[in-house]
Amino acid sequence: MTRTNLLNRAILYLIIGTGAFCIAFPIYWMFALATHSTINIFSYPPPLGFGDQVVRNFTVLFDSISYARHMWNSVFVAAANVLLILIFCSMGGYAFAMYTFPGKRWMFALCLSTLMIPWIANIIPWFIVIREIGWVDNHLALIVPGAANAFGIFWMRQYISSSVHPQLLDQARVDGCHEWLIFFRVVAPTLTPAFSALGIFSFVTSWNNFIVPLIVLRSDRLLTLPLSLVQLTGDPRRGTDVAILMMAASLAILPIVIAFLISSRKFIAGMMAGAIKG
Amino acid sequence: MQMGYAETVGTNRKPRGLGRRMINSWVPYSYIAPFYVLFLVFMAFPILFSFYLSFQSWDGLSAMRFSGLANFTRIAQDPVFWTALYNTLFIGVVAHIPMLSFALIVAFILDSGFIRFRHFFRTIYFLPVVASSVAISLVFMNVFGFRGGLINLIIMAFGGERINWLGGQGEWVRTVIMTVFIWRWVGWNMVIYLAGLQSIPNELYDSARIDGASWPQVLFRISLPLIKPVVLFSFVLSVVGTFTLFDEPFVLAGLEGGPNRMGLTLMVYLYRNAFRFSRFGYASSIALVIMLLTIIVAVMNIRFFREKV
Numbered sequence: 001m002t003r004t005n006l007l008n009r010a011i012l013y014l015i016i017g018t019g020a021f022c023i024a025f026p027i028y029w030m031f032a033l034a035t036h037s038t039i040n041i042f043s044y045p046p047p048l049g050f051g052d053q054v055v056r057n058f059t060v061l062f063d064s065i066s067y068a069r070h071m072w073n074s075v076f077v078a079a080a081n082v083l084l085i086l087i088f089c090s091m092g093g094y095a096f097a098m099y100t101f102p103g104k105r106w107m108f109a110l111c112l113s114t115l116m117i118p119w120i121a122n123i124i125p126w127f128i129v130i131r132e133i134g135w136v137d138n139h140l141a142l143i144v145p146g147a148a149n150a151f152g153i154f155w156m157r158q159y160i161s162s163s164v165h166p167q168l169l170d171q172a173r174v175d176g177c178h179e180w181l182i183f184f185r186v187v188a189p190t191l192t193p194a195f196s197a198l199g200i201f202s203f204v205t206s207w208n209n210f211i212v213p214l215i216v217l218r219s220d221r222l223l224t225l226p227l228s229l230v231q232l233t234g235d236p237r238r239g240t241d242v243a244i245l246m247m248a249a250s251l252a253i254l255p256i257v258i259a260f261l262i263s264s265r266k267f268i269a270g271m272m273a274g275a276i277k278g
Numbered sequence: 001m002q003m004g005y006a007e008t009v010g011t012n013r014k015p016r017g018l019g020r021r022m023i024n025s026w027v028p029y030s031y032i033a034p035f036y037v038l039f040l041v042f043m044a045f046p047i048l049f050s051f052y053l054s055f056q057s058w059d060g061l062s063a064m065r066f067s068g069l070a071n072f073t074r075i076a077q078d079p080v081f082w083t084a085l086y087n088t089l090f091i092g093v094v095a096h097i098p099m100l101s102f103a104l105i106v107a108f109i110l111d112s113g114f115i116r117f118r119h120f121f122r123t124i125y126f127l128p129v130v131a132s133s134v135a136i137s138l139v140f141m142n143v144f145g146f147r148g149g150l151i152n153l154i155i156m157a158f159g160g161e162r163i164n165w166l167g168g169q170g171e172w173v174r175t176v177i178m179t180v181f182i183w184r185w186v187g188w189n190m191v192i193y194l195a196g197l198q199s200i201p202n203e204l205y206d207s208a209r210i211d212g213a214s215w216p217q218v219l220f221r222i223s224l225p226l227i228k229p230v231v232l233f234s235f236v237l238s239v240v241g242t243f244t245l246f247d248e249p250f251v252l253a254g255l256e257g258g259p260n261r262m263g264l265t266l267m268v269y270l271y272r273n274a275f276r277f278s279r280f281g282y283a284s285s286i287a288l289v290i291m292l293l294t295i296i297v298a299v300m301n302i303r304f305f306r307e308k309v
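Going down the list, the protein sequences come from chains S and B.
Residues in the first sequence are numbered consecutively from 1, following the numbering used here.
Residues in the second sequence are numbered consecutively from 1, following the numbering used here.
Some hints could be false.
[What the hints assert, rightly or not] If we take Cβ atoms under 7 Å as the criterion, some of the chain B residues that face chain S in the derived model are:
no., residue
1, Phe35
2, Ser50
3, Phe121
4, Tyr125
5, Gly148
6, Phe246
7, Met291
8, Ala298
[To be verified] Derived lysine-lysine pairs resembling DSBU-like cross-links, with alpha carbons at most 35 Å apart:
no., chain 1, residue 1, chain 2, residue 2
9, B, Lys228, S, Lys266
10, S, Lys104, S, Lys266
11, B, Lys228, S, Lys104
Hints in this document: simulated from the structure, not taken from any laboratory.
Even glycine gets a Cβ: it sits at the ideal position worked out from N, Cα and C.
Work out the full structure, taking the sequences as your base and the hints as a guide.
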């Protein structure tokens with residue numbers, strides 16, 4: 001009885017353990033390869049553990065290309081994007097959750113109807129708009145349009161209508177708070193959980209975004225990390241310095257992975273916020 | 001001064017009547033205004049404009065020329081487009097079978113309570129969701145490398161012939177892309193299922209146990225039917241996601257889609273037409289095909305739901 005039970009349990013552990021290993025190993029291996037020399041990487045059998053070239057790879061990476069600059073660009077773009085999304089989406093979600101006004105229903109329907117459309121397929125006209133505004137090769141093209149985030153509005157509206165009491169607003173009015181300031185003074189401070197979920201989701205999305213910067217950015221000093229990585233792969237015929245590439249990839253993933261491991265519960269909740277879209 | 005602001009907002013939003021009520025609602029209007037300005041310019045307008053563009057011949061610079069259905073007849077006769085469409089659908093359909101079944105199995109195991117370190121496993125499985133797709137694709141280039149790749153190392157350890165995963169005739173490129181895709185999203189789906197399973201009330205399980213139901217019975221009679229909507233929902237979302245698959249095929253197979261274009265997807269082909277060859281009109285009609293595919297899946301999904309309810 002207990003024996004079969006133990007066996008069952010072992011099988012279950014084996015299944016999810018194997019899966020977890022397959023998931024974690026490529027990330028581990030990336031970090032490991034970043035500490036070897038390229039010659040070492042291509043030797044047979046390839047190295048599985050850590051090597052001793054970490055300092056060398058690190059310095060070569062930061063000397064040869066503007067990697068530090070690209071990393072700063074990624075941080076700046078993602079942070080600015082998140083800030084705008086949090087402000088605009090919470091304001092919009094608040095209006096939809098707490099007020100009635102003419103046109104509210106169809107405006108919200110319009111917003112929701114774009115959720116199911118694969119927005120990225122419309123990248124061409126989107127790019128035309130960006131070009132007309134003069135934002136080609138400009139970080140603004142990555143920061144500002146992203147704030148028009150139908151999902152963010154929906155998310156904030158759901159959260160506000162379920163967690164903010166209309167009485168709170170009345171109370172503020174009685175206390176003499178100006179109608180327009182109620183949101184900033186009274187409501188916004190209570191939205192921290194929604195802010196952190198939407199903020200994490202938006203930051204990770206922006207940090208990992210590839211196609212939009214690929215289309216918009218041209219000059220080297222403006223590139224974000226994913227573009228920097230592709231740039232490092234260079235000419236496939238001459239070959240790539242794989243060790244440097246793995247160092248760059250590791251450093252691009254590391255900040256997010258560390259943040260994720262520190263507060264994985266919050267991250268999973270935040271990233272899963274994207275799943276309630278439909 | 002406040003009134004003036006309200007009026008501008010009001011007139012911008014809706015020119016017709018309703019005067020007083022709209023002016024009285026200036027506060028909510030001013031709250032949604034920033035969002036809606038951006039939304040109309042960067043989302044709603046491009047979607048409509050894309051539709052218009054697909055009936056034009058345009059290189060993005062000179063004047064547009066109305067070309068009727070020319071773009072679509074060209075699509076029909078373009079073998080590269082059909083290759084891209086086939087690859088996209090192939091990846092979309094085939095990758096989901098192992099991914100969703102494995103996600104389901106892991107979710108069941110974690111929900112069953114036989115396992116400790118539940119949160120640890122959930123964290124590991126979810127890790128790829130937050131990792132950069134470009135960085136991950138580059139790592140998998142090494143994992144599937146011809147000379148120093150891990151997979152070939154394993155194959156050779158078992159006495160097999162090593163495989164040229166990303167080269168040769170391109171017969172393995174799609175497999176690599178699908179592997180990266182599965183690797184990235186299995187945890188995301190698993191967490192959705194786990195949430196679905198955990199929302200099933202415990203009383204159901206308790207009464208099943210009292211009635212003497214076996215483990216498979218509980219699985220097939222209670223758990224599976226109850227989370228079916230969740231599975232279907234994540235499936236639709238995920239399939240729609242594959243229609244615009246770009247990062248992985250771009251990095252792993254390149255703009256040309258690798259040998260014999262075996263790794264070319266619709267989105268990469270769209271990108272190549274628009275931003276390398278400046279065929280904006282033609283690329284827009286590819287975009288329209290992607291949107292049509294999405295709508296078809298969405299409609300099928302709604303139908304399926306109706307049958308069930």
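Next item on the list: Hint by hint, work out which the structure violates, then give me just those numbers in ascending order.
Entry: Violated hints: none; all satisfied.
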